[in-house]
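Chains S and A supply the protein sequences, listed in that same order. Going by UniProt numbering, the first sequence opens with residue 1, and the numbers climb by one from there. Going by UniProt numbering, the second sequence opens with residue 1, and the numbers climb by one from there.
Hints are computed from structural coordinates only; laboratory data are not their basis. Since the model is a prediction, treat every value here as computed from it, not as a measurement. Positions of the beta carbon are idealized from the N, C-alpha and C atoms, including for glycine. Accuracy of the hints is not assured; some may be wrong.
As the list claims (entries may be wrong) - Partial selection, computed: residues in chain A whose CB lies under 7 Å from chain S:
1) 169
2) 172
3) 331
4) 339
5) 346
6) 562
Protein chains: 2
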Amino acid sequence: MPASTDLLSRADLDFLLHDWLRVGDLTERPRFAEHSRSTFDEILDLCADLAQDRFAPHNRHSDADEPRLVQGRVRLHPEIRPALDALAETGFLGVTADHRVGGLALPRVVHLACAAWFAAANVSTYGYAMLTVANAHLLCAHGSPEQIARFVTPMFEGRFHGTMCLSEPQAGSSLADTMTRAHPADDGTYRITGTKMWISGGDHELGENIVHLVLARTGAGESGVRGLSLFIVPKFLVGDDGSIGERNDVSLVGLNHKMGFRGTVNTVLSFGDGTHRPGGSAGAVGYLVGAPGEGLAQMFHMMNAVRLEVGVCAAALGYTAYLKSLAYARTRPQGRRPDAKAAHLPQVPLVEHADIRRMLLAQKSYAEGALGLTLYCARLLDDRETAPEHAERDRAALLLDILTPIAKSWPAQWCLHGTSLAIQVHGGYGYTRDYDVEQHYRDSRLNPIHEGTHGIQAIDLLGRKTSIHDGAGLQVLDEEIRRAVAAGSRLGPETSAHAADLDLARARLLEVTKLLHAHPEPVTRLGNASIYLEAAGHIVLAWIWLEQLIALGDRDDAFARGKRAAARYFRSYELPGVAPRLDLLASLDRTTVDLDPSWL
Amino acid sequence: MPASTDLLSRADLDFLLHDWLRVGDLTERPRFAEHSRSTFDEILDLCADLAQDRFAPHNRHSDADEPRLVQGRVRLHPEIRPALDALAETGFLGVTADHRVGGLALPRVVHLACAAWFAAANVSTYGYAMLTVANAHLLCAHGSPEQIARFVTPMFEGRFHGTMCLSEPQAGSSLADTMTRAHPADDGTYRITGTKMWISGGDHELGENIVHLVLARTGAGESGVRGLSLFIVPKFLVGDDGSIGERNDVSLVGLNHKMGFRGTVNTVLSFGDGTHRPGGSAGAVGYLVGAPGEGLAQMFHMMNAVRLEVGVCAAALGYTAYLKSLAYARTRPQGRRPDAKAAHLPQVPLVEHADIRRMLLAQKSYAEGALGLTLYCARLLDDRETAPEHAERDRAALLLDILTPIAKSWPAQWCLHGTSLAIQVHGGYGYTRDYDVEQHYRDSRLNPIHEGTHGIQAIDLLGRKTSIHDGAGLQVLDEEIRRAVAAGSRLGPETSAHAADLDLARARLLEVTKLLHAHPEPVTRLGNASIYLEAAGHIVLAWIWLEQLIALGDRDDAFARGKRAAARYFRSYELPGVAPRLDLLASLDRTTVDLDPSWL
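Model the full structure from these sequences, guided by the hints.
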């Protein structure tokens, strides 16, 4: 087997990208006209090799040798920077950007497939690149040409890195309570003061500079989230000629020491506390992005991109853990089958046991389903921007909007569970740091927390995404599922049975959604939003699996049989769990609402 | 609040032990006649204080400073030994043993409640004591008076420690493949050779000696598990006068480096490799326990005790994580309720949010349910030995037998999930090593693996415990549930609704069990054993919650209302998940059975 087999399945990526998502067709659109299937494949090959050769080798090293403060400076594991430098040298960082900013206009869906390789190899090191790219893209969309030239170009070149600074110590998920302030200075810039928490990549010496994107409140603005504006606050000021200037007043307060994801330094940053005094004045120098009061909307540009990246990173961790536990199960002899237990018989490999197969199929259904969903969403990003018809673009935008909370939360929840099953397949060995799955599990536990917790995604889905635009998002999703159901029911018995089960769940979800939306009382309506998110998530994944079954067509090789087994697992073992969740939602259960906390 | 509130709830223990399990009534039996409710309470107080003062303070220290090899010797974190010495000084180690071996004949159920305190405080340090006690009790049951005097007494005094040596590198769960051999020597002892893996407490310097209980194959025996005998293999030989003699030929091969549970050293041990040559001869000196070929049956004495201990440790970790996340949720302001979102309003504590309450109630239902189940099983241990009527003892034995795989696996699975929810309640902070819940989660991940994996418990339950003695165990369990259902249905609407839902699930479980047992083909019959274990587990826990509801009687204070809310959570959110699992089992689904591993 090739060396990269352990990280991800290239055969599956080819299937998802080409047989299902038909990314080759994108080259018929003007934006992607210079590309071809073979350039897509070459980029995937390049990234797979780079992930294997430069990212995977230090994954465990940078976990064991976590970031630390040495004389006030962040000391990262020394293998991180060369990997990121090698990545930047390929031009990968700007690969989806417009030609006008030095990009290659590669489809987002191909980029996300590459991201999966890096995340499978080393999610912590990839985190630096991911944040930098997302930051740069926000500025491409909302920054001025001068801001793009000064900050974005060096980020795409890998010389500058980027962060997103939203949370504060007193307000994690509650952005309405942001206290960081921006005061206008005489020269058109702002002076930023405040403390930001949970800032990944907040300080390090991986490049020449760090571009912080900071949500802050201008004095004049409204309270709550509407008063927030977005600012570029570089670690070092940048001259008109692009030269690195004075140290800005951004200082490192401390590091957070995490269970996993340790290679990505996570920081508390202080802005404008007087540690540094650029130009002799107080406050960190910040540059307003776009117009005042638009900070949150702009930040959502980056947040939505990052949420999808969290989804693909979660999927990649679940995927690589699956492949590693599969390899282990194939080679490790242990026990005998219940129909051939005699002790004189040789032990069989773990994979011969039904319960091990169940755990492998569960992992496969989670990982391949999650990867499929996130790639589908990335293809929607492309369609939103480049589909030939206006209506098609709007439709892609609606669908992406409603799928984003699921594409973030479902892989986070279920691929974490998948990594736990990967440990279980390894038995005691999986619990030791001698095997990779131990780290994948710890790394994965972050995914339901960062970039909007599970509960935040749930409220976003039930409280907003299913109802805005008169429920147009849910309607488009429902239509897509029904289209697949119709196509699937014309196929063989397995696929049509899958379609039939999915259709029942789909109809029930619509019904329950209407019932909830009709409820006048917001606390009750949203009280079980997380259960709703989980029910909707399983239905969406059953649909993604139906799409994959349909894309298989008549194919009947081992690959296709494996896909069908995973889809059947999902239909038989997972989808039936949706009904009791929807029943609970339909009952408008008030157990949590009526609880008096003093009873706990 | 008293300092020990954070670890466990004494109010709940009082409720479970006294109001529900009526442990005071045990003092009417001759064995416990010298005790009274007040002596039970005093011992609980003493253990709670000791856990708080001596075990909890170094829980994080011994996690960060894990065991390591220094010049061939195991170096443990220095706070571990004083804590264990303090525990031994209280006489706790032999507290349930007979007076004839220096014990206090305390009921097992009281002992297990004490164990919960120590595990909540520091499960890794408690692990040494737990193994020593279980080892000593096996020898009390099966060892000769001379063996008891030589090895058990020093263990109860805390001078010797004990291990159980079952697994080998090539055979983790598959004891039939044990290769360690025992050759009879001329003096009636044996010489042991082989390698044992995953040995907790396998080497250290916490006391004067370590008593290994080793499963090994005598040359004459049959193959498989029937050829296994049990041997005492001390680290140091012990003279007739109890003096510590020569080093036995047991040597440390290496340490396993684990995700959690780090304070408990886990080792690979080599027996009889010639590192040491006691008496100049080859092989480690071993003393046969009881008769040859009875090793596995004897070891099950210890394994069943340890499985129950794993259950209570899992429950304690889930419990303390629950209490810590509850304390955090009560004090941390974050966001606003959906019916009062205006940004000028102050933030509310996390506990005001429905989704946080859901996560707290889930944790409470898992932790208090799991603790209840394990204490119930410990009470069965007492009844099995001391109930006045012979029939009652038999009944307790049957019930304990069928409940043990559930009492081990259910707390392991669901309290692990509970610790994950405890992290989620903390948000990003919960993922950092600044908060205890991060460690509780890592520690908890071991519980579905050690002392028989989840899959092993599943096969034990479906393949053995539900069918032996013509299904008498299942019948007794069913009768107990029906008795509770009958009692519950005479009470208020909440309790009778709980009883009704439970009764339906109970009847369906019986039906599905019969269907599975009737299936001629063992691979299909047992293929979904893990799903069966999980379905049966949730039904048993719904019963345990019904028992608690009944025990509450008319009580209507905050404690009782909290219990009712947790029971209602379990009935509304958890129990309905049983039906699709039983449907899957009834369908005799062959997804895993028919899978060709080459498809994966």
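Comparing the hints with the structure gives:
Taking 7 Å as the C-beta contact cut-off toward chain S, the hint placing residue 169/A at the interface is violated, the least distance being around 10 Å. With 7 Å as the threshold, the beta carbon of residue 172/A comes within range of chain S, its nearest partner Cβ sitting at about 5 Å, so the hint holds. Taken as an interface hint, residue 331/A does not check out: its beta carbon lies about 11 Å from the nearest beta carbon of chain S, beyond 7 Å. Taking 7 Å as the C-beta contact cut-off toward chain S, the hint placing residue 339/A at the interface holds, the least distance being around 5 Å.
Checking residue 346/A against chain S: minimum C-beta separation of about 9 Å lies over 7 Å; hint violated. With 7 Å as the threshold, the beta carbon of residue 562/A comes within range of chain S, its nearest partner Cβ sitting at about 4 Å, so the hint holds.
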